[in-house]
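J.: As you go down the protein sequences, you meet chains A and B in turn. According to numbering that gives the first Met the number 0, numbering within the first sequence proceeds without interruption in unit steps and concludes at 97. According to numbering that gives the first Met the number 0, numbering within the second sequence proceeds without interruption in unit steps and concludes at 616.
Among the clues, some could well be false.
[Unchecked claim] Derived Cβ-Cβ restraints for the label pairs, each shown as a range:
#1 A/36 x B/270: 41 to 51 Å
#2 A/57 x B/137: 46 to 56 Å
#3 B/247 x A/8: 27 to 37 Å
#4 A/28 x B/242: 37 to 47 Å
#5 B/158 x A/37: 39 to 49 Å
#6 B/221 x A/36: 30 to 40 Å
#7 A/28 x B/266: 27 to 37 Å
#8 A/39 x B/124: 39 to 49 Å
#9 B/158 x A/57: 38 to 48 Å
#10 B/247 x A/28: 13 to 23 Å
#11 B/469 x A/37: 32 to 42 Å
#12 A/39 x B/522: 39 to 49 Å
#13 A/9 x B/137: 51 to 61 Å
[Unchecked claim] With a straight-line Cα cutoff of 30 Å, these simulated DSSO-like cross-link-like pairs (lysine-lysine) come out:
#14 A/86 x B/244
#15 B/161 x B/279
#16 B/482 x B/396
#17 A/86 x B/482
#18 B/581 x A/86
#19 B/244 x B/396
#20 B/246 x A/86
#21 B/244 x B/451
#22 B/581 x B/396
#23 B/451 x B/279
#24 B/482 x B/153
#25 B/153 x B/279
Treat the hints as calculated values from the structure; they're not laboratory data. Note that CB positions come from ideal geometry on N, CA and C, so glycine has one too.
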Amino acid sequence: MMKPAEQIETAVAEVQQAICATCTLADARAGQHFVVTGVGDAGARVTALRFGMAEGACVHCTARIPAGPIVLRSGRQEIAVGRELAKLIDVRRVIEGT
Amino acid sequence: MAHCAPAFDALGIREGAVILVGNPNVGKSVVFGALTGTYVDVSNFPGTTVEITRGRMGGVDVVDTPGIYGVSSFNEEETVARDVVLGASRIVNVVDAVHLERDLFLTLQLADMGIPMVVALNMADEARREGVAVDRDLLEDLLGVPVVETVAVKGEGIERLKAAIAHARPGHADPELYEALQEAAAHAESRAEGLLVLEGDEVVARRNAVAPGGLRDEIYTRRRVRVNDLVGHVVRAETRGASLKAKLSVWMMQPLTGIPMLAALLFVMYEVLGVLIAGKVVGFTEGFMNSYWVPLVRGTLAHVAAPGGTVFTFLAGEFGVLTMTPTYLIGVILPLVTGFYLLLSLLEDSGYLPRIAALADRALTSLGLNGRAVIPLILGLGCVTMGTLTTRILGSKRERFIATALMAIAVPCSAQIAVIAALMTRVVWYDSLAYFGILIAIFVAVGTVLAKITPGESTALLIDLPTLRLPRLGNVARKSGLKVWNFMGEVAGFFLVGALLISTLQVTGALDWIQVIARPLTVGWLGLPPQAATAFVMGFVRRDFGAAGFFTMHLTDSQLLVAMVTITLFVPCIASVMVILKERGWRYLVGLVVGSVGLAFLLGGIVARVIALLGGT
Chain A
0 MMKPAEQIET
10 AVAEVQQAIC
20 ATCTLADARA
30 GQHFVVTGVG
40 DAGARVTALR
50 FGMAEGACVH
60 CTARIPAGPI
70 VLRSGRQEIA
80 VGRELAKLID
90 VRRVIEGT
Chain B
0 MAHCAPAFDA
10 LGIREGAVIL
20 VGNPNVGKSV
30 VFGALTGTYV
40 DVSNFPGTTV
50 EITRGRMGGV
60 DVVDTPGIYG
70 VSSFNEEETV
80 ARDVVLGASR
90 IVNVVDAVHL
100 ERDLFLTLQL
110 ADMGIPMVVA
120 LNMADEARRE
130 GVAVDRDLLE
140 DLLGVPVVET
150 VAVKGEGIER
160 LKAAIAHARP
170 GHADPELYEA
180 LQEAAAHAES
190 RAEGLLVLEG
200 DEVVARRNAV
210 APGGLRDEIY
220 TRRRVRVNDL
230 VGHVVRAETR
240 GASLKAKLSV
250 WMMQPLTGIP
260 MLAALLFVMY
270 EVLGVLIAGK
280 VVGFTEGFMN
290 SYWVPLVRGT
300 LAHVAAPGGT
310 VFTFLAGEFG
320 VLTMTPTYLI
330 GVILPLVTGF
340 YLLLSLLEDS
350 GYLPRIAALA
360 DRALTSLGLN
370 GRAVIPLILG
380 LGCVTMGTLT
390 TRILGSKRER
400 FIATALMAIA
410 VPCSAQIAVI
420 AALMTRVVWY
430 DSLAYFGILI
440 AIFVAVGTVL
450 AKITPGESTA
460 LLIDLPTLRL
470 PRLGNVARKS
480 GLKVWNFMGE
490 VAGFFLVGAL
500 LISTLQVTGA
510 LDWIQVIARP
520 LTVGWLGLPP
530 QAATAFVMGF
540 VRRDFGAAGF
550 FTMHLTDSQL
560 LVAMVTITLF
570 VPCIASVMVI
580 LKERGWRYLV
590 GLVVGSVGLA
600 FLLGGIVARV
610 IALLGGT
């Protein structure tokens, strides 16, 4: 039997997973919107800043290639991010209309 | 401004030159063409393979730099652009009006550097079509430099841009950064160099004998905030539903739709390069050289040197520098390379290549590469030499190592494919199928093994997907023309060396000797006639040349399959060998040659044995 505190923790984790409140870009699905909260790779950070997709930027996932890159759009800029790199980019899901 | 400008001295650029700087795919080369007219000079930046294009506008030098997203030292293009920018006294910064969020990042960095500049707000027509309205006047006020709207492909705004260059001035820098820069500049050559030192650029820091600063993240983040603020003020964009372009873009990257599209592209490339150019056009041009040029040279030379003598053989023999060299250069290489660069420029300008990279990323990751590697690999299908040169766009040494080896071993070039396709018409269908099957299996096997044994880390894909657009034929022709000219200049020397080498083998009788020595290998192991040795030696000069060597031999179906597999896997041609030597060094080259020759003969022999077991002819 889990302790109540553990149960709450598990429940919170499940809910977070469900709405993807805190997750990495690797979890993104086409059509979802995100705010970038952290870029874990120094080289990618520079590129992200140059493309306007670093911390604080609102991005839109336009495609998720099966087992491949995540395609992001911010304004009129579109980039493809390899899956491994996407795992190092923290994002917060923004639900449309909230 | 007192500039230390080693790049300028090295290139012979005069003081007061106008330097064009901008992101990739913003039409910078078109602006360059519109400013300078037809005469341009393309040269490699000293010590690199990066091209610098120069032209004249009135009495002033104009220099085009490689497309970059920012000034720093993350790759060779940036290093070259950085050095040219650091020597600049005035800059034309070309920006894509549709993608200001991205492009103004470089613009603000140039403003922080304090170099006088003018901004060309290019693709103004496309922006209007896309529903993007840019307030030019406000942008000019906020940046503090002249901003000129241009549509370079139509020549619009070019005269105004020329006039504005006289009014180039330093843009508004980040005020707080400016304070810090005043101090940094005291320790560096200039404010521009001071900025790069603060941004942690190790090369510039070393040059100024100071420690690199640790402020890159902070400066970049502040700059990003300023760009977003600027864009928020000057750009009014309508949001539109998913257009056909956006859908097409996704279809190109999703395997279900993307793979058939890629297959169709490769088929068209093969039809144009392998069938039309390598077959029909080369058939004509090579025939022309062989029936007019070669007899002319031999006839003329016969007056001075005795036919059959050493001098005659070197100059006008089977592999002569005056006969074989121009025949192959003009008759074979020129049409192929022209066709190839035309197709490649079309692909580049359309924006399709980065989408193929996204599509192929998954498959290439298991070979230790990332999607970006499709660009050199596709180039390698045209010519392994060009593919090898292009491996410099890959992010790590490990990836360049793997991609170069894959191309040299398992990617047949277009000329070779053409000859092999002709050979294939003679064999039964399942032998053709076996050939492609073996080649694909080798490609995957070599890649998988190299991914395991090559040290280092591969980088992940992070690639800009430019807007899809219909290429402009004028621009495509101009760009490919320049590249062809450059390429021909580069391979001419390699060919000369190759021809001299083979002639030496012929004159000294080494060629016959090699046939005897190689007998156990060619006849015993591969089950081919002894003359096959000559084909393999010829394969060193050119891959298709080697394959063509088998053309005149009377081989059975099984022998043909063995010959095709062996010659495909065999060493790359002289030109690629030279480029590999230049790019990767001699250790790598020796390893590659030994590895590919070993693999070629090993597999050729195995195929021969398997066929014998299956009771083939």
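J.: Hints the structure violates: just list their numbers, smallest first.
T.: 2, 3, 4, 6, 12, 15, 17, 18, 19, 21, 23 and 25
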